[in-house]
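K.L.:
So you can see what is in the structure, the chains are spelled out below.
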Amino acid sequence: MRGKKNPFPLSLWPAKNIMKTLMNKKIPNFIFTNQFGLLCLVLVFIAIFSTVTDGFTSRFNIFALSRVIAIDIMIGLAMMVVILTGGLNLALGAIGVSAAMFGGWCMEIMGIPVIPSIILTLSMGAFLGWVNGIITVKTGVHSFIVTLATMSIYFGFMTMLTEAEAFRRLPELFTDFGSAKLFNKYVSPLLLLSVATCFILFYLFRFTDIGRKLIAAGANPEAAELSGISVSTMFIHCHVLSGLLGALAAIMLTTRIGAAIPSMAGQLGMDWLLPAFLAPVIGGTLLSGGKLSVFGTMLGAVLVTLLTNGLYLLDVGEFWIRFFLGIILLFAVLLDKAREYFTLKSVIVS
Amino acid sequence: MKFLFSIVASSAMLLSSSVIAGSSDTKVALVPGGPHPYFAAWERAGQDAVKDFGLGKADYKVPAEWDLSQQNELIESLVGKGYNAVLVFPGDAVGTNKILGELDDAGIPTAALAGCVEQPTMAKMCFGTDTGHSAYLGTKQLIKSMGGKGKIAHFTGFLVDPNTTLRIKAVEKAVGEAGGGVEIIQVIADIDAYEPADEKINAFMAAQGGEVDGIVTTAWVPAVVASQALTNMGDKRIKMVGIDHDEVVLKAIKDGYVHGTMLQNPYGQGYIGSYVMDKIRGGCTFKSNAPWKSTAQTNQFIDSGTVFVDISDVDTYVDAMRNISLDILKTFEGDFLDC
Chain A
42 MRGKKNPFPL SLWPAKNIMK TLMNKKIPNF IFTNQFGLLC LVLVFIAIFS TVTDGFTSRF
102 NIFALSRVIA IDIMIGLAMM VVILTGGLNL ALGAIGVSAA MFGGWCMEIM GIPVIPSIIL
162 TLSMGAFLGW VNGIITVKTG VHSFIVTLAT MSIYFGFMTM LTEAEAFRRL PELFTDFGSA
222 KLFNKYVSPL LLLSVATCFI LFYLFRFTDI GRKLIAAGAN PEAAELSGIS VSTMFIHCHV
282 LSGLLGALAA IMLTTRIGAA IPSMAGQLGM DWLLPAFLAP VIGGTLLSGG KLSVFGTMLG
342 AVLVTLLTNG LYLLDVGEFW IRFFLGIILL FAVLLDKARE YFTLKSVIVS
Chain B
554 MKFLFSIVAS SAMLLSSSVI AGSSDTKVAL VPGGPHPYFA AWERAGQDAV KDFGLGKADY
614 KVPAEWDLSQ QNELIESLVG KGYNAVLVFP GDAVGTNKIL GELDDAGIPT AALAGCVEQP
674 TMAKMCFGTD TGHSAYLGTK QLIKSMGGKG KIAHFTGFLV DPNTTLRIKA VEKAVGEAGG
734 GVEIIQVIAD IDAYEPADEK INAFMAAQGG EVDGIVTTAW VPAVVASQAL TNMGDKRIKM
794 VGIDHDEVVL KAIKDGYVHG TMLQNPYGQG YIGSYVMDKI RGGCTFKSNA PWKSTAQTNQ
854 FIDSGTVFVD ISDVDTYVDA MRNISLDILK TFEGDFLDC
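Sequence order for the protein chains is A and B. Its first residue numbered 42, the first sequence is counted upward by one per residue in my numbering. Its first residue numbered 554, the second sequence is counted upward by one per residue in my numbering.
Some hints could be false.
Said to hold, decoys possible - Here are the simulated distance ranges between beta carbons:
id	chain 1	residue 1	chain 2	residue 2	range
1	B	673	A	156	24 to 34 Å
2	B	704	A	204	18 to 28 Å
3	A	194	B	804	38 to 48 Å
4	A	379	B	722	54 to 64 Å
5	A	151	B	787	46 to 56 Å
6	B	872	A	225	51 to 61 Å
7	A	87	B	891	40 to 50 Å
8	B	759	A	84	54 to 64 Å
9	A	189	B	726	35 to 45 Å
10	B	804	A	365	35 to 45 Å
11	A	84	B	673	37 to 47 Å
Stated by the list, open to error - SDA-like, lysine to any residue: derived pairs with alpha carbons at most 20 Å apart:
id	chain 1	residue 1	chain 2	residue 2
12	B	753	A	200
13	B	807	B	867
14	A	226	B	657
15	B	610	A	357
16	B	722	B	738
17	A	226	B	635
18	A	222	B	660
19	B	753	A	197
20	B	610	A	356
21	B	722	A	203
22	B	610	A	95
23	B	804	B	871
24	B	702	B	740
25	B	722	A	206
26	B	753	B	734
27	B	753	A	226
28	B	722	A	205
29	A	226	B	658
30	B	610	A	96
31	A	222	B	658
32	B	610	A	355
33	A	226	B	659
34	B	753	A	201
35	A	222	B	659
36	A	226	B	654
37	A	254	A	175
38	B	753	A	193
39	A	222	B	657
40	B	610	A	358
Since the hints were made in silico from the structure, they are not lab data. Note that the coordinates shown come from a computational prediction; the quantities given were computed from them, not determined experimentally. Yeah, the Cβ is synthetic: ideal placement off N, Cα and C, and Gly gets one too.
Isolated chain A, as found in the complex (with noise of 0.2 Å):
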């Protein structure tokens, strides 16, 4: 918990801060971070596409990537926040979709307006996180096998209700938000809204007191409730958080797509599982828990991205693009267990 302040967070701060950083010679200690060389791949990687590829800078092309990497970071969030704990999230795709379906059926249906649809969609992805959280606390079983069988539950019951079919005549208003540009068309909104919850995540972590909390429960679970945190509580929040964000993630997957679709994260919701493990997992955030990191999330999913998108113009078969992804998750567990021998455990959130 008392560890070297990190020097990351230069993005948060004015000016005089940065300057007040620099003259401290933090600027090295940001040299040797994980987020460092990740920032470093993706620039690697962009200079590499746009020399060999063609359209990698195409208007159409970096607008596109903006809209999917958005969607990734978010997925990518709401699996970190479980990892802080030492959990997973398999569920995550199926709280998403089934989370998208209510809200379809609010807006479609009940003819709910769209910002309260929205907060009824995210509140029923806090809730069937909740519902996870409360499951693996109670029982103490650990949440890759809970979330395996909720992942099921949450699937086959919106499947139930729903009759698999999708909701398609959604608002304008809200469908609309998926297909705006905005930067002289480069730039989707929802690339700008997963930035914002990067940095609300950071100032949650780094800064208030139950971001402290819920680290600590993660990082020493028997020390933490020795210390008067409530573990179980945190491990809780940790699944609402989570179930939140994958909620905000199906909501802008289902603007994207312009219809809440029951395959819209393919059988299970499984689909998302690739980018939400991959993306914490590149950035730097530990898989036994009690040590994340936003904005090496943000990045990973950037490169994640990158790359795949790369890979399609390079004419790599999807096939191997799978292939290739698959690679990059078991050399980030690899490095995750590195990390975990070689690397001070005192930057605890950056």
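Add chain B to chain A, keeping to what the hints say.
P.N.:
Chain B only, in chain A's frame:
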């Protein structure tokens, strides 16, 4: 056999077509909803369209999974790469419309192939099998082979496939017209992949094989698995009408275990679809009085053809499909396009 069909069909089209265009900057992407043997003929169709019509490219690109988001990402990256016309089997009948609208905004013509999107849509046309009609005709053939009475089972495709609902309704319609002598005892959907099809169809045959008198399948994989099941059981009592031209189904027809199959025309869809995209990019527009057909999803539908094949003509089915494709291509520009 499929390869032979492709060669014969393309050669015949090349010789007979009087509407060969040449636009080297047209780059067509043919994107199915996911991996499936039905769409394999699109690859050859695209290659032949490049050769025969002088297109810049016509490439078959398959999403790794049946997932609308993955299909959208693939299409976006292809457009980023320079493809300027897209033929797509919609990942979702409405959801796909969003990206089609965005492509239209970018000046890229699109069409739905083998399955339609719901109107309003920016897709220039829907070119595919009239799946409902095909399922209806297939069921009629099955009922006829059963002597107009008995219990039937219907095995069909993905629930996310916009055609599945149409097929289920069409089978019900044909059964409804049978005068009460025929009853549907089971509809098994979402089995257009080998693992679930094998599990569910064999479980059904084990549990209710003695009760069922006929089977109609309206998707590729269930047709293959059901044909294998009947062949393995050595059961010629149960009548079956399948779909498409997988070798397993064709052999089962020859061996007498399957009554017949409803052929579709995926090669013609890819070949003629690529030709139409090039024409549209070249400035042609659809006539206001074009002879569109209507379906539940669209009133801009063009039937790519379907034909019933049984043991009497299973060896010459290629000719039947080739003739349908040739007929469509011969009259397409005159009937549909203002150039």
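K.L.:
Work down the list of hints and note, for each, if the structure agrees.
P.N.:
Do the hints match the structure? See the list:
1. 673/B - 156/A: 24 to 34 Å: holds (26 Å)
2. 704/B - 204/A: 18 to 28 Å: Check passed, 25 Å falls within 18 to 28 Å.
3. 194/A - 804/B: 38 to 48 Å: Since the Cβ atoms of residue 194/A and residue 804/B sit about 43 Å apart, the hinted range of 38 to 48 Å holds.
4. 379/A - 722/B: 54 to 64 Å: The hinted range 54 to 64 Å holds for residue 379/A and residue 722/B, with Cβ atoms some 58 Å apart.
5. 151/A - 787/B: 46 to 56 Å: holds (55 Å)
6. 872/B - 225/A: 51 to 61 Å: holds (56 Å)
7. 87/A - 891/B: 40 to 50 Å: For residue 87/A and residue 891/B the Cβ distance comes to about 45 Å; the hint holds.
8. 759/B - 84/A: 54 to 64 Å: Holds: the Cβ-Cβ distance is about 59 Å, inside 54 to 64 Å.
9. 189/A - 726/B: 35 to 45 Å: With a Cβ separation near 42 Å, residue 189/A and residue 726/B satisfy 35 to 45 Å, so the hint holds.
10. 804/B - 365/A: 35 to 45 Å: holds (39 Å)
11. 84/A - 673/B: 37 to 47 Å: holds (42 Å)
12. 753/B - 200/A: Roughly 19 Å separates the two Cα atoms, so the pair holds.
13. 807/B - 867/B: holds (7 Å)
14. 226/A - 657/B: holds (15 Å)
15. 610/B - 357/A: holds (17 Å)
16. 722/B - 738/B: Holds, at roughly 15 Å.
17. 226/A - 635/B: holds (18 Å)
18. 222/A - 660/B: Roughly 17 Å separates the two Cα atoms, so the pair holds.
19. 753/B - 197/A: Holds, because 18 Å separates the two Cα atoms, which is no more than 20 Å.
20. 610/B - 356/A: Holds, at about 13 Å.
21. 722/B - 203/A: holds (19 Å)
22. 610/B - 95/A: holds (15 Å)
23. 804/B - 871/B: Cα-Cα ~15 Å, so holds.
24. 702/B - 740/B: holds (18 Å)
25. 722/B - 206/A: With a Cα-Cα distance of about 16 Å, the restraint between residue 722/B and residue 206/A holds, given a limit of 20 Å.
26. 753/B - 734/B: violated (26 Å)
27. 753/B - 226/A: violated (49 Å)
28. 722/B - 205/A: Since the Cα atoms of residue 722/B and residue 205/A sit roughly 16 Å apart, the hinted pair holds (cutoff 20 Å).
29. 226/A - 658/B: holds (12 Å)
30. 610/B - 96/A: holds (16 Å)
31. 222/A - 658/B: holds (12 Å)
32. 610/B - 355/A: holds (16 Å)
33. 226/A - 659/B: holds (12 Å)
34. 753/B - 201/A: Given that 20 Å is the threshold and the Cα spacing comes to 19 Å, the pair holds.
35. 222/A - 659/B: holds (13 Å)
36. 226/A - 654/B: holds (16 Å)
37. 254/A - 175/A: holds (18 Å)
38. 753/B - 193/A: Holds, at about 19 Å.
39. 222/A - 657/B: holds (15 Å)
40. 610/B - 358/A: The given pair, whose Cα atoms are some 17 Å apart, holds under the 20 Å limit.
Hints 26, 27, counting from the list given before, are not met by this structure.
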